[in-house]
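Trainee: Sequence order for the protein chains is E and V. For the first sequence, the working numbering gives the first residue as 1, with consecutive numbering after it. For the second sequence, the working numbering gives the first residue as 1, with consecutive numbering after it.
Hints are computed from structural coordinates only; laboratory data are not their basis. Incorrect hints may appear among the rest.
[Claimed, not checked] Rough simulated footprint, nothing fancy, chain V against chain E, three-plus residues with beta-carbon under 8 Å: (1) 179-186; (2) 200-206; (3) 227-241; (4) 323-329; (5) 352-365.
These numbers come from a predicted model, not from an experiment. Ideal Cβ placement from N, Cα and C applies to all residues, glycine included.
Here are the chains, one letter per residue:
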Amino acid sequence: MLNATVAELSSALAARRISSVELAQLFLDRIERLNGVLNAFITVDAEHTLKEARRADASRARQDAGPLTGIPIAHKDIYCTRGLRTTCGSRMLANFVSPYDARVIERLAEAGMVTLGKTNMDEFAMGSSNETSYFGPVRNAWSAACVPGGSSGGSAVAVSARMAPAATGTDTGGSIRQPAALTGICGLKPTYGLVSRYGMIAFASSLDQGGPMARTAQDLALLLNAMAGFDNRDSTSVERAPEDYSRMLELDLAGLRIGVPAEFFGEGLDAAVRKQVEGAMRWYGEQGARMVPVRLPNAGLALPVYYVLAPAEASSNLARYDGVRYGHRAQDCADLLDMYVRTRTEGFGEEVKRRILVGTYVLSHGYYDAYYLQAQKLRRLIARDFAAAYHDCDLIMGPTAPTTAFALGAKMDDPVQMYLNDIYTIPAPLAGLPALSIPCGFDAKGLPVGLQLTGNYFSEALLLGMAHRYQQASDWHLRVPAETPL
Amino acid sequence: MNWEIVVGLETHAQLRTRSKIFSGASTAFGAAPNAQACAVDVALPGVLPVLNVAAVELAIRFGLAVGATINRSSVFARKNYFYPDLPKGYQISQYERPIVQGGAVPVALPEGEKRVALTRAHLEEDAGKSLHEDFHGMSGIDLNRAGTPLLEIVSEPDLRGAKEAVAYARALHALVVWIGVCDGNMQEGSFRCDANVSVRRVGETAYGTRCEIKNLNSFRFMERAIEYEARRQIGVLEDGGRIDQETRLYDPERDETRSMRSKEEAHDYRYFPDPDLLPLMLGAADIERIRAAMPELPAERRKRIGEAFALPAPTAAILTSSRQMADYFEAAIAGADPETVRQTANWIAGSTSAKLNERGIGIEDCPVDPAQLRGLIGRLTDGTLSAKLAREVDDAMWAGEGSADEIIAKRGLKQISDAGALEKAVDEVLAANPRQVEDYRAGKQKAFNSLVGQVMKATRGKANPTQVNAILRRKLG
């Protein structure tokens, strides 16, 4: 059961081969066993979990169960949950308990899913290795010496190590896809506006988007069905008819045009990663899909654009953590300024402070035009590149990350090297486009490689269909990490 | 040396919506601290703003009332600064593209009407309130006001002097209340002004360096603060000094302005478009719908009433000082003849206004309704009541004793216009006061007045004074 997919668990529960309580207990036991080493979870409350599981079993008993009823899920600790503390990986919120549930949490609870706990993450989702968490780094189940990627590293490892069949994540510049790639699982960042941001702690509001992380594309589709939907409490939420994201799983690949941007295969791409990605692309070609060279001439600017816009928004979004109303507050303050300075100095870690400083700088009088405004213009050009490319192709394919998982501490002293990890994942959120990552092989060290599929707006069903077809013909996604045997 | 005082006002008018501009919490005044602060107002992690359409409609209504351009697309921006009563660490406001641009407010000045040009009016949220007493060296924060919708109305530096600034502020106040966008309650902070003041030598075209004065929470303080500030600036300049751009705070207790922060200390607000809110897009149909529901504006109504009834300008101004006042007047005179209209207008502008002022209430709370006033004026014009008796009846109506006719009957106040009865009263007075008769005949006019007074007294004020005069003159030959 621990190795089953969401779809398989759904059948098992429906057939009463297992109860939701039994299932929850299985995963709770595994978390108990592995979390000491992997540190994927910040908060686990077995009683809370079992209560939800009992409720799911009761629903099923009265014939009131959907496909996800009773299936356990881990939530990134960026989603506000009533009754379970929400830390966002920060000392600032180390003891914060939200009085309300995020819309995503509500939706998944309405679908009957059972919360296993809150997963570790880079502080305020700022990081690509899960090393910036106040609660310590998360370790990769494929090699405990390696990082799992970030910022949704806890969710990625929870799924990869079979501590949870599925998890929620959030993606701002690659925070779902990059850790999915580095841990050998699947992760989808939906079109901006598809999943409500209400109750998802903001990092960079114009980029943040919640999405599912699981072991198969089919599971992602099932989860997205429950997560997506209009929310009138989020003004950037898109109002459109509900759709079944599983509807294209049996997609015919013949004739599909796959865009291959040279910009995603340039300098800095690890040879092993390139080999695996090209192998996957060859498979698609064999199925009748056509490879079309496309150009994303401004993709190279995505990283600097992102590192202006995201910190700018973050500097403002994180201003509310001032020690006045909730969260950490410095003790014995001399005056108001002293309280602000010490609260924020103590409450935030280095990377968060770095981004607040950068963001404050680029919004400052005299620098706004040169940085923020310029970055906004380039952002539009990047979106226009994609729009032009989609005239010639149905989706774009390439590597998710330039390398496989790297060693803990390897890039902590060099922020730019760290930021380069997201070079392929950043363009999609800048354009608001959906993108997903699925496993497509391993490097010589046995570390997983991710394949990224980026689609046009609202093309999630197509992307999931593409991914599912590949997974029907491959077994990368079925492999169990060496360090966490079943 | 002659100086010209140049003033521009920034006015925050609280919009009359039931709920806040970006949350569903109530905007009602006076609740227990933080009882009306929801998750969004407290800025809990993860919450998001959702724009209240009612606030947008009120802003449009204001823009139409001042003949401004309503921008079909406007943008909400974040104004970033730290303060304990600013929960998000930024205020959502409008910066580069406000909803209302341009327009003018007509202001009635002694020398005639002046149209004061507006720069813009934009939507924003209010902050909370810091409470510094009762917390033993700590401060309390009340977020009930946080998120209350405000329209910030910015005038051009078109005002010349304190009196003109106050006249504009009063006209703007009357307008926003008239069109129903603001309740105008200054004690509750629903209408607040900051003044930008500079001075220059008469004849100069360039503006002087300005100072912004905050905390002008009454018209009286505004006038005194601007006067003080202008005197201060003139003093500095005449001593060969220089005015530094700064923000100053008015202290009503000491009647002076004090420096709050210099230009160097000014915040860098780091404005940028709020990514949580999409640009506000307005359709022509939305604007036209609001235009169609606009009431007649004060200036139009003042002109119409003044011309239709040939009223002097000051009377017309009083009668249109508020929409309720104008409604009251028009209800009281519906279908009346010109003499009745004239008497009614004078009565409302005089007696009624004085009583309202004394009690500090508005016409909407006047205990005498238009029909009652109409009854009173009717008895005045048909000669039943003298002016003096009418005032007595009016007092009784204010005290809730009923209609004019009821009071007249109950108190027996009917004016005596019967010639026979008056002749008899005059005869009795003349007989009882031979001394005054003597004096009058000796040429003392004062004695005549005394005799009139005696007749009025004898009739308990009910005698028709015109008739008494005539009879006395005839009898005294």
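Trainee: Run every hint past the structure and note whether it holds.
Mentor: Taking the hints in turn, this is what the structure says about them:
1. For the stretch 179-186 of chain E, the assignment as covered by chain V is violated, since 0 residues bring a beta-carbon within under 8 Å of that chain's beta-carbons and 3 are needed.
2. For the stretch 200-206 of chain E, the stated coverage by chain V is satisfied: 6 residues place a CB nearer than 8 Å to a CB of that chain, which reaches the threshold of 3.
3. Restraint check on the stretch 227-241 of chain E versus chain V: 5 residues with Cβ-Cβ distances below 8 Å, three needed, restraint holds.
4. For the stretch 323-329 of chain E, the stated coverage by chain V holds: 3 residues have a C-beta nearer than 8 Å to a C-beta of that chain, and at least 3 were required.
5. Residues of the stretch 352-365 of chain E with a Cβ under 8 Å from some Cβ of chain V number 4, which satisfies the need for three, so the listed coverage holds.
In terms of the numbered hints stated before, the structure departs from hint 1 and from no other.
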